[in-house]
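Place chain W on chain A using the hints.
Number of protein chains: 2
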Amino acid sequence: MTTKEILIKAKNAKNELLLLSTEEKNKALDAMAQAILENEDEILRENALDLDAARGVISDVMLDRLALDHKRVSDMAKGVTALIALPDPVGRVISEHTLENGLTVKKTSVPMGVIAIIYESRPNVTSDAAALCLKSGNVAVLRGGKEAFRTSYAIVRAMKKGLEAVGMNPDLINIVTDTTRESANELMTAVGYVDLLIPRGGKGLIRACTENATVPCIETGTGICHIFVDELADLDKALTIIENAKTQRPSVCNAEEVLLVHEDVAGEFLPKLKELLVDGRKAEGKPPVELRLDSKAAKIIDGVPARDTDFDTEFLDYILAVKVVSGVKEAVEHITLHSTHHSDGIVTENENNALYFTTVVDSAAVYVNASTRFTDGGQFGLGCEMGISTQRLHARGPMGLNELNTYKYIITGNGQVRK
Amino acid sequence: MTTKEILIKAKNAKNELLLLSTEEKNKALDAMAQAILENEDEILRENALDLDAARGVISDVMLDRLALDHKRVSDMAKGVTALIALPDPVGRVISEHTLENGLTVKKTSVPMGVIAIIYESRPNVTSDAAALCLKSGNVAVLRGGKEAFRTSYAIVRAMKKGLEAVGMNPDLINIVTDTTRESANELMTAVGYVDLLIPRGGKGLIRACTENATVPCIETGTGICHIFVDELADLDKALTIIENAKTQRPSVCNAEEVLLVHEDVAGEFLPKLKELLVDGRKAEGKPPVELRLDSKAAKIIDGVPARDTDFDTEFLDYILAVKVVSGVKEAVEHITLHSTHHSDGIVTENENNALYFTTVVDSAAVYVNASTRFTDGGQFGLGCEMGISTQRLHARGPMGLNELNTYKYIITGNGQVRK
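Sequence lines, in order, name chains A and W.
In terms of this note's numbering, the first sequence opens at residue 1 and continues consecutively.
In terms of this note's numbering, the second sequence opens at residue 420 and continues consecutively.
Isolated chain A (complex conformation) (with noise of 0.2 Å):
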């Protein structure tokens, strides 16, 4: 099927979608997740050609994320069963008032219409956003990457499977079959077909689609985030905060990435933290973390040269840019020029410096004493979620199911008319 036809369909499947109660759309969740179950079989043999295919053309480390098994494909059946519990986004009252003239005016929670996401070689991914846009009232079109294709394309049969034995329409959750440039292009540009667009991916999908869409679309992900020690830190917070959100699980969009750290504790504080992240680990058997030093803080401990890029690099590993600056200013002024903002945080014991930083640094998440790791759906208790917004429109931050949706105005009334 050509991506057109395919947007033909979910854009049909639209109304069927709003008109489907909270416990249709549960149960459809629910037999999503069991065709998955059943439908192991095949969904393996997919998986194993698609690894047949990848090696030597990925990483070891994209091949791991791309390689499925038993407990992997239980997972994703129990990511989809987990939404059946959380509240339905849609309906929900926002705000309601009678006006004066006996009108009611109810500002109501509404899905997007049709969500297009455009992500990489993560298996899990298909079936997750395939389920959040369901339960948000959506219907999705799916565009993942070639090299998880035969995979992806697997699930979505499963879960159409399933919504076909509840008597539901299959359009309702669609893949595109096009893995070529050309179908991205496609839905970056489908006006009328597409109503909103996600994509979840490295910072050259993410170009392509601020340049070139002309659809609605969400930034996720790319964050290079910063944490700042300030003068009236506590140093051991500062320690303990700054291990957990470089090394916890340093491939991820809210690891640490830059270390600001104030010039009057930086004789006192780098040397810890060298001894903390470089030897301690080595002589743990641990992968230490390379430092890459400004000329201030090379003055002070041992490292690499910083270059003026590693202030503006996603490291996604074993890599701590720092900076030595003269206060919560110069920190906030070097946030606002090389911030993605995704996730920032301050380490302070000072009021006023903390409300500083909070009021000025510009991002979706902005911490004080604690680690930039728990940026997260499931860990501000929000549930799942579709990604991580870094944009400031419409969603910031996790993108739960309240943030798949819109809202309208309904106006009721008994034939009130305009002075």
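Think of the hints as simulated: they come from the structure by calculation, not from any bench.
Among the hints, erroneous ones may be present.
Claimed, not checked - Negatives, chain A to chain W, calculated, CB over 12 Å:
| # | residue |
| --- | --- |
| 1 | 34 |
| 2 | 86 |
| 3 | 182 |
| 4 | 304 |
Claimed, not checked - For each label pair, taking beta carbons as the anchor points, the in silico distance ranges come out as:
| # | chain 1 | residue 1 | chain 2 | residue 2 | range |
| --- | --- | --- | --- | --- | --- |
| 5 | A | 352 | W | 461 | 41 to 51 Å |
| 6 | A | 272 | W | 503 | 48 to 58 Å |
| 7 | A | 349 | W | 520 | 17 to 27 Å |
| 8 | A | 94 | W | 706 | 32 to 42 Å |
| 9 | W | 489 | A | 101 | 31 to 41 Å |
Backbone N, C-alpha and C define an ideal beta-carbon position, used for all residues, glycine too.
Just chain W now, with coordinates in the frame of chain A:
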């Protein structure tokens, strides 16, 4: 000054505005209003030059919109002052909760940053938009129509004087001095400088923004509004509502452009409608409404045969396209294909039909038994507005102060790390 230089100044002023208290912003608004009144002579002098240059170039209706007098200047100042009483949208705690690990997660409203507004020739948009931006914590970059440039520039100059008089940065309000198409393009693509672009104007401007903007953009304005008279409508209510929606002020975006009428009541309803909107108005010396009829309606009453394009036209005039449909489903299908997602209504006494209509019609405002003319920030009780958003992302319908904000999460702990 080049547009780029203006954008740099605007960006640099962002943090200053973030740190102003509500009282300081209100003081600024008061000073801006005062300065508009004090500089009335200069504003009127510049306006006279604009009018001289525009005569013969733009229509009489547009000339009237452009012309200022003592009353209109006073009204502009009053519009600015009116914002003082409205609640500050910045710093609202949208939600707050404490996680098991003791972290508090606070979702707080914050300004967008720099808002660029591209608009056409009404001078009062200049003061309204500047004041709405300031109260909502945003730096304004205005780019008005070239016919009104001298007037707008004089208004901005006055407001800047007002800011300076109370010791504030005049760069909080900016106007682009290049009135060629080039400066509009620069604003649309000023990634890193413009945090939100709001085009206010006709279809051509909106389309140019949708197609070319690489900065976040909110579409406003175009309204092809429908009213459907159901089989189970109270026909007297329907007549009153349609008369108001079509004739009370036909030049605005929430006026009705298309009437859909159920085939079972068309025979009774259409002759009454023609009597009211055509013959009755003629008898009273008011401009009659031109009815453009589809083939079924033309069998019932006299009128102009409708062309296909009449159902996709924002007339903004005493013209109404009329189509006979088989029921609420066909009405909703027609609206889905032709609506601009602004305001659409149903007249019916049947609750199921009303529910079906409000559920499936995907517009910012959906009406039951009331005139579409109510879609307006003031009418909805939301205060002044920057325009009516017809898109789904972020803000939908009237964009008041709250809609000119985004949010961020502020997370406060005492050393928490992720397990």
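key: Supplied distance hint 32 to 42 Å, evaluated on CB atoms of residue 94 of chain A and residue 706 of chain W   = holds, 40 Å
key: Non-interface claim for residue 86 of chain A, where every Cβ of chain W lies beyond 12 Å   = holds, 16 Å
query = Is it true that the C-beta distance of residue 349 of chain A to residue 520 of chain W lies inside 17 to 27 Å, as the hint says?
reply = holds, 19 Å
key: Distance restraint hint 48 to 58 Å, applied to the beta-carbon atoms of residue 272 of chain A and residue 503 of chain W   = Taking Cβ atoms as reference, residue 272 of chain A and residue 503 of chain W lie about 52 Å apart, which means the hint holds.
ask   = Would the least Cβ to Cβ distance between residue 304 of chain A and chain W come out above 12 Å?
value = The claim holds: residue 304 of chain A sits with its nearest Cβ about 26 Å from chain W, beyond 12 Å.
request  = Using the Cβ atoms, figure out if residue 352 of chain A sits within 41 to 51 Å of residue 461 of chain W.
outcome  = At roughly 43 Å between Cβ atoms, residue 461 of chain W and residue 352 of chain A fall inside 41 to 51 Å, so the hint holds.
query = Does the claim that residue 182 of chain A lies off the interface hold, with its Cβ farther than 12 Å from every Cβ of chain W?
reply = At roughly 19 Å from the nearest Cβ of chain W, residue 182 of chain A sits farther out than 12 Å, so the non-interface label holds.
ask   = Taking C-beta pairs only, is residue 34 of chain A more than 12 Å away from all of chain W?
value = holds, 29 Å
Residue 101 of chain A and residue 489 of chain W - C-beta distance against the hinted 31 to 41 Å = holds, 33 Å
Of the numbered hints given earlier, the model fails none.
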